[in-house]
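Chemist: Chain residues, written in single-letter form:
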Amino acid sequence: MMTPSNIFRKEIIETLRNRKLVAIKMVFPFLIVLSMLMGTPPLTATAGLITMLVVFIGVFGTGIGIIKEKTDGMFNRIIVTPLTPRRIILENLLAGVVIEFVQFSPILIAVIAIFSPSPEWIISLFLSMTAAVVTANVIGLIISSLSSSMGEVHLYSALSLFPVFATSGIFTPLKNSVQVYLAFFSPFAHLKQALLAVFGKPYIWAWHSIAAADLVMIAILLVLTLIITPRLVRVSI
Amino acid sequence: MTTIITENLTRLYQGGAGIKKINVEIRRGEVFGLIGPNGSGKSTLIRVLSTLLPPSEGFFKILGSNGTKNKDVRKKIGVLFEGVSHFDDLTGFENAWFFGRTYGMDSSGLKERIDFLFEWMGLAHYKDSKVRTYSYGMKRKLGITEAILHDPDILLLDEPSVGLDYTSKLRLYEYIEGLSKKGKTIVIATNDVMEAEHLCRRIAFVYKGQVIEIGSPDEFLSGLSGTEIIEIKIAEPMDVDYLRGINGIFAVTATDNIIHILSNAKNVLPDAIKEIVETGSRITDVKVKQPNLGDVFVRMTGEKIK
Chain A
7 MMTPSNIFRK EIIETLRNRK LVAIKMVFPF LIVLSMLMGT PPLTATAGLI
57 TMLVVFIGVF GTGIGIIKEK TDGMFNRIIV TPLTPRRIIL ENLLAGVVIE
107 FVQFSPILIA VIAIFSPSPE WIISLFLSMT AAVVTANVIG LIISSLSSSM
157 GEVHLYSALS LFPVFATSGI FTPLKNSVQV YLAFFSPFAH LKQALLAVFG
207 KPYIWAWHSI AAADLVMIAI LLVLTLIITP RLVRVSI
Chain B
48 MTTIITENLT RLYQGGAGIK KINVEIRRGE VFGLIGPNGS GKSTLIRVLS
98 TLLPPSEGFF KILGSNGTKN KDVRKKIGVL FEGVSHFDDL TGFENAWFFG
148 RTYGMDSSGL KERIDFLFEW MGLAHYKDSK VRTYSYGMKR KLGITEAILH
198 DPDILLLDEP SVGLDYTSKL RLYEYIEGLS KKGKTIVIAT NDVMEAEHLC
248 RRIAFVYKGQ VIEIGSPDEF LSGLSGTEII EIKIAEPMDV DYLRGINGIF
298 AVTATDNIIH ILSNAKNVLP DAIKEIVETG SRITDVKVKQ PNLGDVFVRM
348 TGEKIK
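Chains as they are written, first to last, in this note's numbering: chain A, 7 to 243; chain B, 48 to 353.
Extracted from the complex, chain B is given alone in its bound form (with noise of 0.2 Å):
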């Protein structure tokens, strides 16, 4: 069953950036992640379907209704933005508290939710304090709870795991995992392909303002199959279009001073050293890796995620 349906869903700021004739079907159960780099448009993406943002063309759908029209919609969806904002002069439990009555829980029981989702968040402790003395980590903490303290049907992440210490990050993919087998939609948006690989069922790749590509991380990987990606660290960054010209590389990329290679031919790595070195140079590490879901989007692109 689909739960969430966009036709030709645009809408652009002024200066052209955001989000163009996005098309896609995401269905009941499914954990769907927007892969992209920064501005690439995941965001805008969260901000319409949550219905923060009217679309400029298109429309939407969520569990039948129209979701630009309906604004019934909004109680059957959590959404937990970038970044961080509460209301700092409360207390984390008393943020939870204002989001809980305005979804419509009953006082009898939203007590116990907070109190079960701030403990099973490592927040208990903290519940009674003000959210000005919170962390980043703790306030985006916060911030998860709330979104999912209603018990949503769809839940909109930006960035879920930002800020999360290594613990709290596994306790989020658990209860991620737990909610789509109950039947909830969950839809990531995520430049962290590890994240997207682990949690993911099925992922679009989304690349100035539209979705280039829809499968699932199997299917992606899949077609990276004999793909050897080489990272090379050197003293100083350099220009590295001259490496395209080895036989075997097909893609080639470069942030700060390592050289990302994507090669589908063996042993092209002794070529790629002697090239750089020739240049002069120098080398400081070499690593060979296996193809992940960033090594895809180099693929289709020709640019890497972060």
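Okay, chain A solo, but in the shape it has when bound (with noise of 0.2 Å):
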């Protein structure tokens, strides 16, 4: 039986305690995808979900868990055990991760079952869901930190993710050089326009640019999360 020896694998003990919570979060997202694969959505607007999905349940999984933590007190009583701040963070950073790339498999499964992409998209694909995922958690554990509460996590959240959206080219195609010059610094630009190139439409950039672009952005925000970890964990009293 698996124990809670760290805080990875407390969240980890955690998420899978609550069996309704798992399967409505892994279900609910899979439904809704499938249902828009399988019917008559384009392709474009599909894309745009995915991807809206994995920001918005990286950001607020992440972001919410923290902040529960903190207002509850517990937060607290970690931060005073002998775990250095970049470990708490870290792991909490490493399970958000884990946990959501878990929810989004099905997804990922479905789209590769259902469109057969190449091999170089395939990891294309997941590497770009992987940076997105990891981007979206980072985004959460700095909401987190500004916030005291639940209701600031959603506020700072809609504030923050509306422009991303936008510049990302969630909802709209990228028109200009200068839209596309700005999407290609986010993982969640490359996320929507590898799964367009998995499904057959036009895309922008080409497989091995989106993998080293994600792959450079990972790598930059583990260093960036590293570099602010003292204000991630800094109480709020």
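Worth flagging that the hints you see were computed from the coordinates, not collected in a lab.
Check each hint, because a few of them may be wrong.
[Unchecked claim] BS3-like mimics (lysine-lysine), calculated; alpha carbons at most 27 Å apart, straight line: (1) B:LYS280 / A:LYS74; (2) A:LYS26 / B:LYS122; (3) A:LYS76 / B:LYS351; (4) A:LYS76 / B:LYS280; (5) B:LYS122 / A:LYS76; (6) A:LYS76 / B:LYS123; (7) B:LYS177 / B:LYS280; (8) B:LYS118 / A:LYS74; (9) A:LYS31 / B:LYS177; (10) B:LYS177 / A:LYS26.
Since we're looking at a predicted model, the values are computed, not measured.
Quick one: dock chain against chain with the hints and give me the complex.
Modeler: See the structure below:
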């Protein structure tokens, strides 16, 4: 039996313990995406929807999880243990990423099964999904450090995500070179473009450009997270 | 040997509350009490000493290490904050396991230690139940278990007996006395004066963020020898300032409908009763008591602890 010997394992156990919630978390996005894939909506909208779900679930999952621990005093108790702030944050981040990736696995498998993309696009899709999930979770961490209640998490998430969606071309196509240039720095844009490529729709960047950019982006995000760790674990009383 | 030393330790919140220029030295094997009313700064001092909050000014040393800079001191500290917070979807055993492991305890000894402490705390039957199903008192017991699990050299306890049943309180007191004999240092923030008198070798009265006096309970109580404590219960709350005019009364406080009088002269009771009755108030009960640390606090500040 798995024991909660560290924050990562504790997060996994807590998630698995609530079976009804796990089922909803797994089935709900899958059904939405599957209905779109099998139905008549344009595949560009489906790619945008999948990206949006990845972002929202990542940001809210991590942001709300941490703010709940902060408001009920649990985070304070963890901070005064010998665990280093970096370990606390990285284990929270890793748990959030793993849980969300597992949550989206059925969608990725369904997409690959239905559209049979080439191996290089499968790699690109997985990398862009990983980068998007990591980015969403890091945004969730940052938002939780700025917030003192669930309401603030919702507010800051909405305020920060809609500009991100707009510049990443999630809802609308990227029309000019400036938009394309800006979007290249967004892992969410990469995920949408990778999905468009897998769906057989027009896309902007080659698979190796997306893969390379995502690897760099994941590295940058991890370094950034380590740098801002003291701010992320700061107690606001 | 001094295990905790603070120098001008200050931590202020927005609005000015917090602690200001706290200077205390706490010795090895000592049970040290922080006594004061709610909001006096006791919990803030516990939070700073636990390294949760950095001081705004000043510093503190724990076992010779600078507590504001050397986070390694955390391994040597066990903390119980006020209130209850646990991972509600985990069992009591899993919660304790998590904290045991984060403090570096080996899996082999940890299970035995948890089993022993759960048995001792009366939680053995519930160790595999989710904490969500625990009562408030059980959650407090679990918090105490987690604080002492790794056998820390220094134990910081904020209101440790709140929510505990009588038997558990006695067990906790017994355990704290045992730890003290083993050379552990225990700091207790409480507004339970009987608890402080029973447990603490020395106490610090904390008032408006500052330590106003430090000493042993005996020293403080001997300062009140010859003092008579009178509690008069009245039907309706009333203004009691006029009682200060009675010869021999040096402190008067009122909480709801109980008037608390400190007097250093005999026979002030008839005069006080006469004055109260003349205002038209109805007296429902009168008690004359031995002074306790709460009365010492009233004498120092003119306010009651609770």
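Chemist: Starting from the hint list further up, note which numbers the structure goes against and sort them upward.
Modeler: Checked against the structure, the hints that fail are numbers 1, 2, 3, 4, 7, while the rest are satisfied.
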